[in-house]
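Each chain, written out:
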Amino acid sequence: MSPEILSLEERFQSRIDAEIKIEPKDWMPEKYRKTLIRQISQHAHSEIVGMLPEGNWITRAPSLRRKSVLLAKVQDEAGHGLYLYSAAETLGISRDELVEQLLTGKAKYSSIFNYPTTSWADMGAIGWLVDGAAIMNQVMLTRTSYGPYARAMVRICKEESFHQRQGYEIMMTLAKGTPEQKAMAQDSLNRWWWPSLMMFGPNDAASTHSAQSMKWKIKRKSNDELRQAFVDSAMPQVEYLGLTVPDPDLKWNEERGHYDFGAIDWDEFWSVVKGNGPCNRQRMRTKQKAHKEGAWVREAAMAHAEKRRQRAVEQDEKVA
Amino acid sequence: MDKKEWPLWEVFIRSRSGLHHKHAGSLHAVDATMAIENARDVYTRRNEGVSIWVVESTHIMASDPEQGDMFEAAKSKIYRHPTFYDIPDEIGHM
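Protein chains in written order, with our numbering: chain H, 1 to 320; chain D, 321 to 414.
It is worth saying that the hints were derived from the structure and are not from the lab.
All values reported here derive from a predicted model rather than from experimental measurement.
In this text, a Cβ means the ideal position worked out from N, Cα and C, and glycines have one as well.
Any given hint might turn out to be false.
What follows is a set of in silico ranges between Cβ atoms, one per label pair, in the way DEER data are often shown [what the hints assert, rightly or not]:
#1 SER396/D x ARG309/H: 27 to 37 Å
#2 GLU299/H x LYS342/D: 30 to 40 Å
#3 GLU410/D x CYS157/H: 45 to 55 Å
#4 ARG360/D x ALA290/H: 18 to 28 Å
#5 ARG360/D x LYS34/H: 31 to 41 Å
#6 GLU306/H x TYR405/D: 57 to 67 Å
#7 ALA290/H x SER396/D: 50 to 60 Å
#8 SER337/D x THR59/H: 34 to 44 Å
#9 ALA312/H x LYS342/D: 43 to 53 Å
#10 GLY338/D x ASP316/H: 29 to 39 Å
Incomplete in silico selection of chain D near chain H, CB under 7 Å [unchecked claim]:
#11 LYS324
#12 SER346
#13 VAL362
#14 PRO385
Turn these sequences into a full structure, and let the hints guide you.
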């Protein structure tokens, strides 16, 4: 590496160490830029694909109240995707490229959305556990070193709290309901518990990007730290519902002041990441179909705007 | 992929009367009308604003962060701040 680049990198790191945010026009190492594009776009794609499992239940919500809430939540997810795409675009990648990476499978999204939503209770478990796990990660990211990403996260976190509360409310209603309803809640918790813990990613020792991301303060807590914080915060909520988690090894550890929990099935995790989850193919097909079928709308809107601009010019010429 | 990407717009929102418009983020739209409508849906779903400005991102000119001396002149002129002057306490608020 040339001495010039080296000194730029040193200056960059000293800014990070001094907690000075990096903004779009500031010099940054190429690898910092690439890491952020990968992470922010993956986050954006997760918000967008995340609309599908919940969208599945909009027409079958049990009441108008639940339906309005679910619609608002899914609309928020679209908004979160857009905030994040905008943040990624400040790093010099276009929206078209980002969308293409999603549709060709080059970019990943959170594996959690490759699990199916087979009962209404899943709307509760997702809001409570999946959004709850996402919040743990996102609260940390409000302090990430890249300004536009941090600002998008602040906005998202403000909105995310509603998502978790509405989910827990659904779980409370079911848990207090008939034995069948309570069983529904338990079944849903059983199915979403482990995938939620997997959302934090591989164990620290196996996490490829972690060390550099911590040094650059893109991340400020490790996968395992966040996962532990999530389990600790979720357990009292599980107990309040009178439900159990599908983990015989889960118990309070007085000495550590944390819950211990069993080993995660990493084979399942990697299998879903690599495309073999229950819904990977379905999610991709849905996104590709929507993009293809929406092409004429995007083109027509552009043509219409162009025509209006043209007319305005002609009008001006006539007046002149 | 589309032949032509929708242009990027920067969105500024006045959260309530009496305050400045503040940068909220950006979005894609074919024209200003659509940019304002999309900005409403993307950035004001919870009554965050009473007024929206949009401007095409390409029309924004920005200072260069690499130009280190850009703000130097102001840094050295500490006498522009009221705290530079010692005024006795008995004078009261000034």
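Now for the hints, and whether the structure bears them out:
Checked against the given bound of 27 to 37 Å, the beta carbons of SER396/D and ARG309/H, roughly 48 Å apart, lie outside it. In this structure, GLU299/H and LYS342/D meet the distance hint of 30 to 40 Å, their C-beta atoms being roughly 34 Å apart. The hint said 45 to 55 Å for the Cβ distance between GLU410/D and CYS157/H, and at roughly 49 Å that hint holds. Taking the beta carbon of each, ARG360/D and ALA290/H are about 23 Å apart, inside 18 to 28 Å as hinted.
Distance hint check: the CB atoms of ARG360/D and LYS34/H are about 34 Å apart, consistent with the given range 31 to 41 Å. The hinted range of 57 to 67 Å is satisfied by GLU306/H and TYR405/D, whose Cβ atoms lie roughly 60 Å apart. Distance hint check: the CB atoms of ALA290/H and SER396/D are about 57 Å apart, consistent with the given range 50 to 60 Å. Between SER337/D and THR59/H the beta carbon distance is about 40 Å. The supplied range of 34 to 44 Å therefore holds.
For the hinted restraint 43 to 53 Å between ALA312/H and LYS342/D, the CB-CB distance of approximately 30 Å leaves it violated. Between GLY338/D and ASP316/H the CB atoms are about 36 Å apart, so this pair conforms to the stated range of 29 to 39 Å. The interface hint given for LYS324/D is met, as the beta carbon of that residue sits about 6 Å from the closest beta carbon of chain H, less than 7 Å. For SER346/D, the interface hint holds, since its Cβ comes within 7 Å of a Cβ in chain H; the closest pair sits about 5 Å apart.
The beta carbon of VAL362/D comes within 5 Å of a beta carbon in chain H, closer than 7 Å, and the hint placing it at the interface holds. For the restraint placing PRO385/D at the interface with chain H, the shortest Cβ-Cβ distance is roughly 5 Å, inside the 7 Å limit, so the hint holds.
Hint violations for this structure: numbers 1 and 9, all remaining hints satisfied.
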